[in-house]
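Protein chains: 6
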Amino acid sequence: MRILVVNPNTTASMTEKACIAARLVASEGTEIVAVTSPSGPVSIEGYYDEAMAVPGMLQAIQSQQDFDAVVIACFDDTGLDAARCLTDKPVIGIGEAAYRVASMLSNKFSVVTTLARSVPALEHNLHRYGMERQCIRVRSSEIPVLELEDEGSGAVEKIAQEIEQAITEDRAEAIVLGCAGMVDLADKLSEQFSIPVLDGVTCAVSLCESLVRLKARTTRQGGYAPPPAEKIRSCLV
Amino acid sequence: MRILVVNPNTTASMTEKACIAARLVASEGTEIVAVTSPSGPVSIEGYYDEAMAVPGMLQAIQSQQDFDAVVIACFDDTGLDAARCLTDKPVIGIGEAAYRVASMLSNKFSVVTTLARSVPALEHNLHRYGMERQCIRVRSSEIPVLELEDEGSGAVEKIAQEIEQAITEDRAEAIVLGCAGMVDLADKLSEQFSIPVLDGVTCAVSLCESLVRLKARTTRQGGYAPPPAEKIRSCLV
Amino acid sequence: MRILVVNPNTTASMTEKACIAARLVASEGTEIVAVTSPSGPVSIEGYYDEAMAVPGMLQAIQSQQDFDAVVIACFDDTGLDAARCLTDKPVIGIGEAAYRVASMLSNKFSVVTTLARSVPALEHNLHRYGMERQCIRVRSSEIPVLELEDEGSGAVEKIAQEIEQAITEDRAEAIVLGCAGMVDLADKLSEQFSIPVLDGVTCAVSLCESLVRLKARTTRQGGYAPPPAEKIRSCLV
Amino acid sequence: MRILVVNPNTTASMTEKACIAARLVASEGTEIVAVTSPSGPVSIEGYYDEAMAVPGMLQAIQSQQDFDAVVIACFDDTGLDAARCLTDKPVIGIGEAAYRVASMLSNKFSVVTTLARSVPALEHNLHRYGMERQCIRVRSSEIPVLELEDEGSGAVEKIAQEIEQAITEDRAEAIVLGCAGMVDLADKLSEQFSIPVLDGVTCAVSLCESLVRLKARTTRQGGYAPPPAEKIRSCLV
Amino acid sequence: MRILVVNPNTTASMTEKACIAARLVASEGTEIVAVTSPSGPVSIEGYYDEAMAVPGMLQAIQSQQDFDAVVIACFDDTGLDAARCLTDKPVIGIGEAAYRVASMLSNKFSVVTTLARSVPALEHNLHRYGMERQCIRVRSSEIPVLELEDEGSGAVEKIAQEIEQAITEDRAEAIVLGCAGMVDLADKLSEQFSIPVLDGVTCAVSLCESLVRLKARTTRQGGYAPPPAEKIRSCLV
Amino acid sequence: MRILVVNPNTTASMTEKACIAARLVASEGTEIVAVTSPSGPVSIEGYYDEAMAVPGMLQAIQSQQDFDAVVIACFDDTGLDAARCLTDKPVIGIGEAAYRVASMLSNKFSVVTTLARSVPALEHNLHRYGMERQCIRVRSSEIPVLELEDEGSGAVEKIAQEIEQAITEDRAEAIVLGCAGMVDLADKLSEQFSIPVLDGVTCAVSLCESLVRLKARTTRQGGYAPPPAEKIRSCLV
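Chains as they are written, first to last, in the UniProt record's numbering: chain A, 1 to 237; chain B, 1 to 237; chain C, 1 to 237; chain D, 1 to 237; chain E, 1 to 237; chain F, 1 to 237.
The hints are simulated quantities; they were obtained by calculation from the structure and are not laboratory data.
Hints are not guaranteed to be accurate.
The list cannot tell twin chains apart, which means a pair is met if one copy fits it or any two copies do.
To be verified - Straight-line C-alpha distance at most 30 Å; calculated BS3-like pairs for lysine-lysine: (1) 158 x 188; (2) 215 x 188; (3) 188 x 231; (4) 231 x 215; (5) 215 x 158.
Please build the complete structure, drawing on both the sequences and the hints.
Have a look at this one:
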């Protein structure tokens, strides 16, 4: 099976990082195709970036012919609903994926994300997915997304500190890392704190494999009904 | 004061209709500047259209120099959060405006919108605004947005029928018309059914006037913090 | 237009303060008529005061012949529902008004009110208006209402301290001042903390102007149906 | 023990009916003292009546010296919060009492009340008590309160019809009768429909006995803190 | 009347403690019959214990012929729904009972229980009963259930400390003690902190007396419909 | 990998049906081990059956040495929380699995289950998983579980009829079949109605594979902390 991992921002190094993580978790026989959005912001931190990233991301999906499922590799699940209108293949956002996995492993979890400006958008998603009771708190480490790439930024320490507080103050039983750029930290932190620490990219790839094996299709009725072809055409001009 | 009315779809006749309605309700001394999005879908019916409409709409706002408040003239409040990041001037969506006015005039209301495919997006908005208990139901009349322009479409009759059911079945005390293209029907229907029937364009213009008089500013902290200038520049390229 | 500002407590100096604030924000052509309740408590701090204030307040409204909208100038929106049964002119409480304005300017806000005993009543209102997710916390400064009139009470400092905590602990993006007696502090505090700090009296006056311009009427169906005339007569005896 | 049953409306025949029902359910050794509000509306149907009834009802409570608990004998729990500020003796509303009993006997129940205009106030109460999921629906039989006294009004038939629909349409497992004036119907209807049909007066008297035996006291902290004596005095003038 | 108090764990000394407390609060003429579950865990701390305790507890109920109501004397209301299917006599859990009493005496309360591992189960119950807004927080004192029996364990001090924090941090107006083994502490702590401190056993006994006097029956429709006799027989083999 | 499929009722033919369905969806290299509970009810229809089934089911799990994940093959997710305390291997209930898959494929779904008496238990689960907004309605077809095995029962027709109503009345975009015994109907009905019709057994097996590939472990902190070994021993005696 072929899973399309779309990075909705334009930073190719983040796409690559996500791709490596995706391949590590993918089953034998699953091919990971990673694409970078051709246009939009270099990172997604808040509502404006999110909105500007969607058309490029949708274009990246439409440019691909042959895939069995789509992973949207940004933690705020950029354009998830719009993407589901474009294809009946399963589409999963990495935020959604991590939340759903966390909710099958724990009673309550906290999220550790990058900047405070991203928190309200994540809280709205959590509410939409019905996770407002299982997710106790969205914490921000105040590390910009692109600094996660930089070894000297002290990012890991700051994230670890927030996890520690989530365990003692929020009584979190699991942690969700709130940025695709943290994908390489999950295992280490999980071991360090002896609770599940989840990354969205791997969760989403694995859930996509599940849905494909189930031959599951996104509904074509109601909110995800496909837009008329002429509308799609006119938007792409 | 100058209120910018942005039509996030590209159909100029709808912009004009909204503009006329806006001017009718505006106070003396309020200038209405109506702009049409330069790119994106011809009408907004569901998630895909909504997502594709945002960049054009934001560009339309950014192209204007001088305004005191912004009305987003699409009932699903397209790109409202992103627009609030771009300016500290008040920004109001017409869906939000109509819901807030309805909730000051009644205990419970129902919405009558166009197509079923738009309903889930509206329901998510209602939840986000905390209106999920005051709004009893979102009804769809199954009239496409652009047919509202067409006299022979039987649109008014179908909408009236849904209102009647909202009153008897939902026990609605007020009605919100769920499309900018219905702006000219509110008064007539309100009289016909002897309950408040609200249109979003006029509600939003009037609430904008309020906020401007209050010298109210959108917060610059948290989720609406302005994106760094270089990010805005890079997105616009 | 004529807006009736009713102070539901019997302290005339508070009526005057509200009246001055109302006039400052009112549009040209809007006349503010301020009335003090003829009977009931000198200040409204909690459920008992609230209940005892309503008949006097309703009588104050009924004694007026000619108005286009009513502002109830007590932050717990004393008797709002009952007042809406008495007239189809818009009636807005200052608590409600401030919450609705705050929710159009920010993702999340906190309230700073007077005494702890008032907090549960405000929390019930917030829930009723659907604001329980947007309002993070109702904080009490432990300043009795009437001490707000007294320069030497240290009231401003205590309120400022609560605002500071609301920003750092609650991650509030805006603040609502929870008492009509704080009306003169909003601008100063807003500047000091660089976030919207809202007062209910000005918000309510301005929203009333909006509703009047919209020719909006309180519904006469359901919960706000007018009581039979003989019942009103018998209650007034 | 002495239980004070306060009728917040001024119709003495309803007080007597409630008193008879209360005595039937009271334990040996429990004295029922029934008082009628000295002023206010003859029946309570909606927000206005409710607000106008409270001061008379509070006065009726304050006029009594010696009681162990208070039942507020109106289904919208008129002035319940205010009454709890006046005494640390338990105070229970008949609406609240019936809801709490229903929730110990069934998974879900429906309410059958008098007029549609009363429904929103009841729905707000249900929400406040956390009953919004256990109560499926508040149905109105469109019988005015005082017609319940009138044998020829067809009231019983209309109520029975609503119960039947509640069972089939709402899948209600129990029914709450939503008016003090229906107190004499509960047993008959319960037998007729083979599900619990509950009346608030008897539920409240019985719960009061429980609370008195538990030596339970209404908290004096927070929202129910007693108002200062001088404030109570000034309100009574 | 005869009230059956079932201890769902197998520790007879806890049954006895509950029985003594039950008898102290019971009315004259009420007989308390206390039974210990014949099989299952020695104490109930978390989901596993709870699940393993239910069949023994149901068997203990079925072994009794003659009772008017049942109290399930474990704070997580072990097997409450299942027990309600077995008899139309009222069945009340001590957790449920204490929550319902607390909600009639205060606006908001906190719970102080034993171990952190029990907290999620209690939170689920609170949600199910609609108490998630009235209960601010479930605190754990980290005292194992059986250590409550041990004078030297410092249990009372730890519980008192949590109550103190509940009052200052949670603004709790009342406290619910979250374990049947704390039944003897309620009065002392209530006096010490001048707010209602409630124990479930006494609350449940007293509410049972109410329900019996009301001749209230658990519904036989829907979720509490009795299982077919042959199923009960086959399960007991 | 080895997935343990536990049938919590004692009907071996249902275990076999689930096992066949599980094998059809399992990946190459996944071994399905299906076990039947050694004691308890022959089918699970409501609270009593559910409670009586748990110890047998937990024993069935404990009797197995070597597995990588557990599927609880009853739609009410019998004993899910207790099972998660016994092992850090992922444990998924088939109800939970189907709801989570449905929520990744649609905005809103309805459930079609067997008997009305099971509905409240399912509604409680849905609430606990945060699905109360995404699941519009739980419908019962009034077919007892074991009649699903019987060709002449008209079961398929009754289920199809409920699906049809779910689409037209509930505006469901997907359907979840609410009983393990319906596992063989999903594909056919999905095709017939052109929307996703999901069965829990296949969803759960596939999600288990995901979690195993993710090396995900159930948290050992908080509500799922393992009970002390001596407690487990004592319960098993």
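Taking each numbered hint in turn, which are not upheld by the structure, reported in ascending numerical order? 3
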